[in-house]
Amino acid sequence: MKDTSTNMRLKLPVACFILEIILIILFGVFVEYDRDTSAKLHKSDRNDYDNDFYYRYPSFQDVHVMIFIGFGFLMTFLQRYGFSSVGFNFLVAAFSLQWATLMQGFLHGLHDGKIAIGVESMINADFCTGSVLISFGAVLGKTSPLQLLIMAIFEVTLFSVNEYILLGLLGTRDAGGSMTIHTFGAYFGLMVTRILYRPNLNKSKHKNSSVYHSDMFAMIGTIYLWMFWPSFNSAITEHGDPQHRTAMNTYYSLAACTMSTYAMSALVAHDGKLDMVHIQNAALAGGVAAGTAGEMMLTPFGSMIVGFLAGIISVLGFKYLSPILEEKLKIQDTCGVHNLHGMPGILGAIVGAVTAVAIPKEVYGNGLEKVFPDVASGERDTSYQAGMQAVSLAVTLSFAIIGGVIVPGEEHHHQELTAVRTEESDKLND
Amino acid sequence: MKDTSTNMRLKLPVACFILEIILIILFGVFVEYDRDTSAKLHKSDRNDYDNDFYYRYPSFQDVHVMIFIGFGFLMTFLQRYGFSSVGFNFLVAAFSLQWATLMQGFLHGLHDGKIAIGVESMINADFCTGSVLISFGAVLGKTSPLQLLIMAIFEVTLFSVNEYILLGLLGTRDAGGSMTIHTFGAYFGLMVTRILYRPNLNKSKHKNSSVYHSDMFAMIGTIYLWMFWPSFNSAITEHGDPQHRTAMNTYYSLAACTMSTYAMSALVAHDGKLDMVHIQNAALAGGVAAGTAGEMMLTPFGSMIVGFLAGIISVLGFKYLSPILEEKLKIQDTCGVHNLHGMPGILGAIVGAVTAVAIPKEVYGNGLEKVFPDVASGERDTSYQAGMQAVSLAVTLSFAIIGGVIVPGEEHHHQELTAVRTEESDKLND
Amino acid sequence: MKDTSTNMRLKLPVACFILEIILIILFGVFVEYDRDTSAKLHKSDRNDYDNDFYYRYPSFQDVHVMIFIGFGFLMTFLQRYGFSSVGFNFLVAAFSLQWATLMQGFLHGLHDGKIAIGVESMINADFCTGSVLISFGAVLGKTSPLQLLIMAIFEVTLFSVNEYILLGLLGTRDAGGSMTIHTFGAYFGLMVTRILYRPNLNKSKHKNSSVYHSDMFAMIGTIYLWMFWPSFNSAITEHGDPQHRTAMNTYYSLAACTMSTYAMSALVAHDGKLDMVHIQNAALAGGVAAGTAGEMMLTPFGSMIVGFLAGIISVLGFKYLSPILEEKLKIQDTCGVHNLHGMPGILGAIVGAVTAVAIPKEVYGNGLEKVFPDVASGERDTSYQAGMQAVSLAVTLSFAIIGGVIVPGEEHHHQELTAVRTEESDKLND
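Chains as they are written, first to last, in the UniProt record's numbering: chain A, 1 to 430; chain B, 1 to 430; chain C, 1 to 430.
Each hint should be verified, as a subset may be incorrect.
Because identical chains share one entry, a pair is satisfied inside a single copy or across any pair of copies.
[As the list claims (entries may be wrong)] Below, computed lysine-lysine pairings styled on BS3-like, alpha-carbon distance capped at 30 Å:
1. Lys-361 with Lys-319
2. Lys-11 with Lys-328
3. Lys-40 with Lys-361
4. Lys-328 with Lys-142
5. Lys-40 with Lys-11
6. Lys-273 with Lys-40
7. Lys-273 with Lys-114
8. Lys-142 with Lys-361
9. Lys-370 with Lys-330
10. Lys-330 with Lys-319
11. Lys-40 with Lys-370
12. Lys-370 with Lys-273
13. Lys-40 with Lys-114
14. Lys-40 with Lys-319
15. Lys-114 with Lys-361
16. Lys-40 with Lys-142
17. Lys-328 with Lys-114
18. Lys-328 with Lys-361
19. Lys-142 with Lys-114
Since the hints were made in silico from the structure, they are not lab data.
Computed from a prediction, not measured in an experiment: that's the story for all the values here.
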């Protein structure tokens, strides 16, 4: 007995120390400042304000708030796992930021053996961390902090490979991450929660029900995500009008989505009462669904249609699909990420493919190059672009599902440990 | 009985669906991207950073947080109506954003039959939504979500007409909305709550008293509003020094206001204890009162005097005027919007008129054009400008008061329905 | 008896009114808009966007949130002094902003007898206020609001003198304030709490233990501070790459610090359970420790080492040093500011000195001038710069410790009053 708890006591510290020391060494060997971060690398007559920092940092901070407060804290707080979830999320997120910087850097190509980083790579690392936290929303309550760390190591790696295939090889556009972040994170998490299926979890299901204060907290989280989603989708679009347009498309998509969410929530209830879980989640589906096409000439009109549909799909998912997934497929989706990130992510991918081909390239004027560089250069036409967008969805789903099946399999040997540590982690709530 | 509840169950969804479909159609017909949002509409040699997005978006996000978290969530949470208020506010705010985009667009003039939108129109839509939420602060606890939606349809329309008369026809300056947002929203709401007067509401008055956790939440709301008010007032001023100046004037006005609020709150109490309601509200009055003159050469000195007075007026209002309004005039001002938005808004309008004439136009140097374009062009002198500012206050009060009397009258036929739905909405708290 | 309470009732209002009126008069005499805030002071062909506002205001807002929500509200909420602490912090912070504007302005030199203010002076005033709130974290629970106001008057003055000696006379670099803000604020507060030592405070120590909801609130505070610390450290660095670099160095320092904090917290616990107080505080030490060297060529690699060490030191401080300070030295450090601001601040100062000499000046290329202007001009070499950095730490510690001993001594005559008022202030919690 004493042996096990000594084990407990040492395993997490040792893992954190070793991982961080490895990260520090890798950063020492491979990472350097990019052009905008080091005066040495740019010409002396350069204007101080011609620096990506000034055009991306405010969006970075909004994204940072969404990832750490929104996904990491408030969306999971709802579930009453309280501090154990918050505390572990924070740890794993801090790890993922660093690991993602390396993985994304390696895959996007070294320059003279170095990864050059700046505000854009910080945003990308935050995005990857967001995807990991989405997956955690599916497995919440089943994993120890150590398992979460191991899961994050693999998920960040797979995320980066998938992202590289989409953006680097297929020339896909997905600035707001409908595919790379939301679809990937959701289906990866759903597969892991399927593998870690624990029948007895049903018995403690009352823990999933929310209480008043939790609900108010969660609602703050929802509104924060809702407010900053325009920044999220536009954070790494090209400068100028695409960034402006993406923010606006997302804004109107979310507004329309909120209307349809309330309507559907009242409609599917047998007594007309609104369900807070719907509002806390489905009202955000419009942001997810505008993730791919947001930078395109979707127009506010198109964005509102997309948001309107996303809200409907998401509420229907909570009401009818989630129970089926749990009962028939044994997928216990703790936070309902399939309804907020999974299906709306797929919708977003489809909207992106359709928009790519449906809007004539002339509509972009001289801005075409920034949205579809391969079309502007004449390398491909819009229908080919649309095809690649569709292929990318399939690739993402494959990576997420296969990855989500394999990764926890690797950890299966530690099963007993898991059970003990989970109990342990619950103690933090006392 | 069953009939009524079926009615309930369908009325909100149907209203939401129909309204949203109408909005989508109108957006499809009338709305297009503005110059900064579509590369097609500007020359190819344009710098990407010469885009309003980069100079307004950070302020937009601050305003967005104030409207949705500050006004929409935390100021009303205080009242213990809890989720029903939060949930309905969120719905109506999402609707108002879209409706305001259209109304403000129509009134500010179509170009080739189109409304061109961008980050500035998004800020203006948020401002209009803020005004609606201020009115809700007065009627909180008396209305069903459906009534709130109907009220929002009318209020957004009247707001836009009033704003157009002030800014478009009279050449009034009111960047931070002392008149257009705060005075209008407060007196409109006060009139509606007068019309909807329910004597029995007094009996459940204990619901208005705050509890510890609510108070801490509300205090967060206060501090958020306090912090971002400089962004609010400067969000749509002209670029450059007026924007810089407005933020600074507001900052010092709020600091001085906080000092006088604490002083007055301790002074008017019979035991020297500070009253949290005063601090949560009156400490913000300095932001409201700097809304009109903030962009003018008010100087930090002048701003501090204005804030100092605003705090005093606001605390006196809570202590002595609100009870009179309720007892003599039957105006039940649930959140005390008259003290935070009404009187400080009028003070702000007066300060604006006085500042316009008191500061010689030479003080503005070559910046005069951005603050008083009509004075710079020689079309009017400063005293004429001051006169227009004063006339604008009268116009705003007339619109608010007459509008607030007429609108709920239209809804009076639904009185019985109201009673039922309000009860219903309270159930959400269980 | 009645006499005393009348005294109570009048003392705070009178103090607030008199202080604010003095502030207003001083602002009227000495303060004017700076070049970027008044079009009159710059040439007419100047670009509107060549305005500090656009390059500092987003950071200012992040700093503002950290000071008022993070330090002022959430870090102290933890201690269950609840509203009395929050309310008084807010008051004193609003006062300090204004007083700091004057003190810093006087010391940095008047131009034609005037203090010119703009967004940078607002950030500096916020920084000074942050230092005051850090000190409050040490004395929390022992002081009346009036005492806090008096303490703020002296602390702001000493802060400004120390800052002027460091930045103005010694040519020290300390953009993120490891020395000027954190070390100064912490040791000043620790000295004051030593002087105000109350043996009976131990008995009510249970008040210091946190409860569930307080912990969740405090954790929000922690994450907010953690997210915005990159903005804090980079807010007043030179434009361009130094600002970009500082934000990034801080980001990675915090990520590494979080990893070592979790590891150490689990390691020092006898049962392997994480201690929330460690996580709420020590995870932020990486931001403090990157305050001086953040703008230098510390590299992400170096930043991560610094953050890693800061987390370890901070947890060890909470676990082993704080109890010793309380028992042996009678320093009751209510919020543990020695562990979050004191030791990590000293670490940051040392890292700054070492980095200044360890990184060859050639590494900065043509950016040297912005980081070490005296080295770039040939006035001093890097080892002299490093020496000045080290001297600055000694100066700061002397000012903080001597100031912290003298200031409350001045107030000792009011001791009896203190006891009464503190009781009074506790009533606010009921």
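For each hint, the structure was consulted:
In this assembly of identical chains, the alpha carbons of Lys-361 and Lys-319 never lie at most 30 Å apart, being 40 Å within a copy and 63 Å across copies at closest. Taking the shortest alpha-carbon separations for Lys-11 and Lys-328, neither the intra-copy value of 36 Å nor the inter-copy value of 35 Å comes in at or below 30 Å. In the homo-oligomer, the alpha carbons of Lys-40 and Lys-361 lie at most 30 Å apart only across protomers (11 Å), although the nearest pairing inside one protomer, at 40 Å, exceeds that limit. In this assembly of identical chains, Lys-328 and Lys-142 lie within 30 Å of each other by CA distance solely inside one copy; the values are 19 Å within and 45 Å between copies.
Proximity of Lys-40 to Lys-11 under the C-alpha cut-off of 30 Å is found in neither arrangement, the shortest distances being 43 Å within a copy and 58 Å between copies. For the homomeric pair Lys-273 and Lys-40, neither the shortest alpha-carbon distance inside one copy (62 Å) nor that between copies (47 Å) is at most 30 Å. In the homo-oligomer, the alpha carbons of Lys-273 and Lys-114 never lie at most 30 Å apart, since the shortest distance is 57 Å inside one protomer and 39 Å across protomers. Proximity of Lys-142 and Lys-361 under a CA criterion of 30 Å is satisfied in neither setting, with 48 Å inside one chain copy and 52 Å between copies.
For the identical chains of this complex, Lys-370 and Lys-330 are neighbours neither inside a copy (44 Å) nor across copies (60 Å), given an alpha-carbon limit of 30 Å. Taking CA atoms no more than 30 Å apart as the test, Lys-330 paired with Lys-319 passes inside one copy only; the shortest distance there is 17 Å, against 44 Å between copies. Taking CA atoms no more than 30 Å apart as the test, Lys-40 paired with Lys-370 passes in both settings, with 28 Å inside one copy and 12 Å between copies. Taking the closest pair of Cα atoms, Lys-370 and Lys-273 never come within 30 Å of each other, the shortest separation being 46 Å inside a single copy and 51 Å across copies.
In the homo-oligomer, the alpha carbons of Lys-40 and Lys-114 lie at most 30 Å apart inside one protomer (16 Å), although the nearest pairing across protomers, at 38 Å, exceeds that limit. Proximity of Lys-40 and Lys-319 under a CA criterion of 30 Å is satisfied in neither setting, with 57 Å inside one chain copy and 43 Å between copies. Taking the closest pair of Cα atoms, Lys-114 and Lys-361 come within 30 Å of each other only across two copies (22 Å); inside a single copy the shortest separation is 37 Å, beyond that limit. In this homomeric assembly, Lys-40 and Lys-142 never come within 30 Å of each other (Cα to Cα): the closest approach is 49 Å inside a single copy and 52 Å across copies.
Proximity of Lys-328 to Lys-114 under the C-alpha cut-off of 30 Å is found in neither arrangement, the shortest distances being 49 Å within a copy and 51 Å between copies. Neither within a single protomer nor between protomers do Lys-328 and Lys-361 lie at most 30 Å apart by alpha-carbon distance, with minima of 45 Å and 66 Å respectively. Proximity of Lys-142 and Lys-114 under a CA criterion of 30 Å is satisfied in neither setting, with 38 Å inside one chain copy and 54 Å between copies.
The structure is inconsistent with the numbered hints 1, 2, 5, 6, 7, 8, 9, 12, 14, 16, 17, 18, 19, although it conforms to all the rest.
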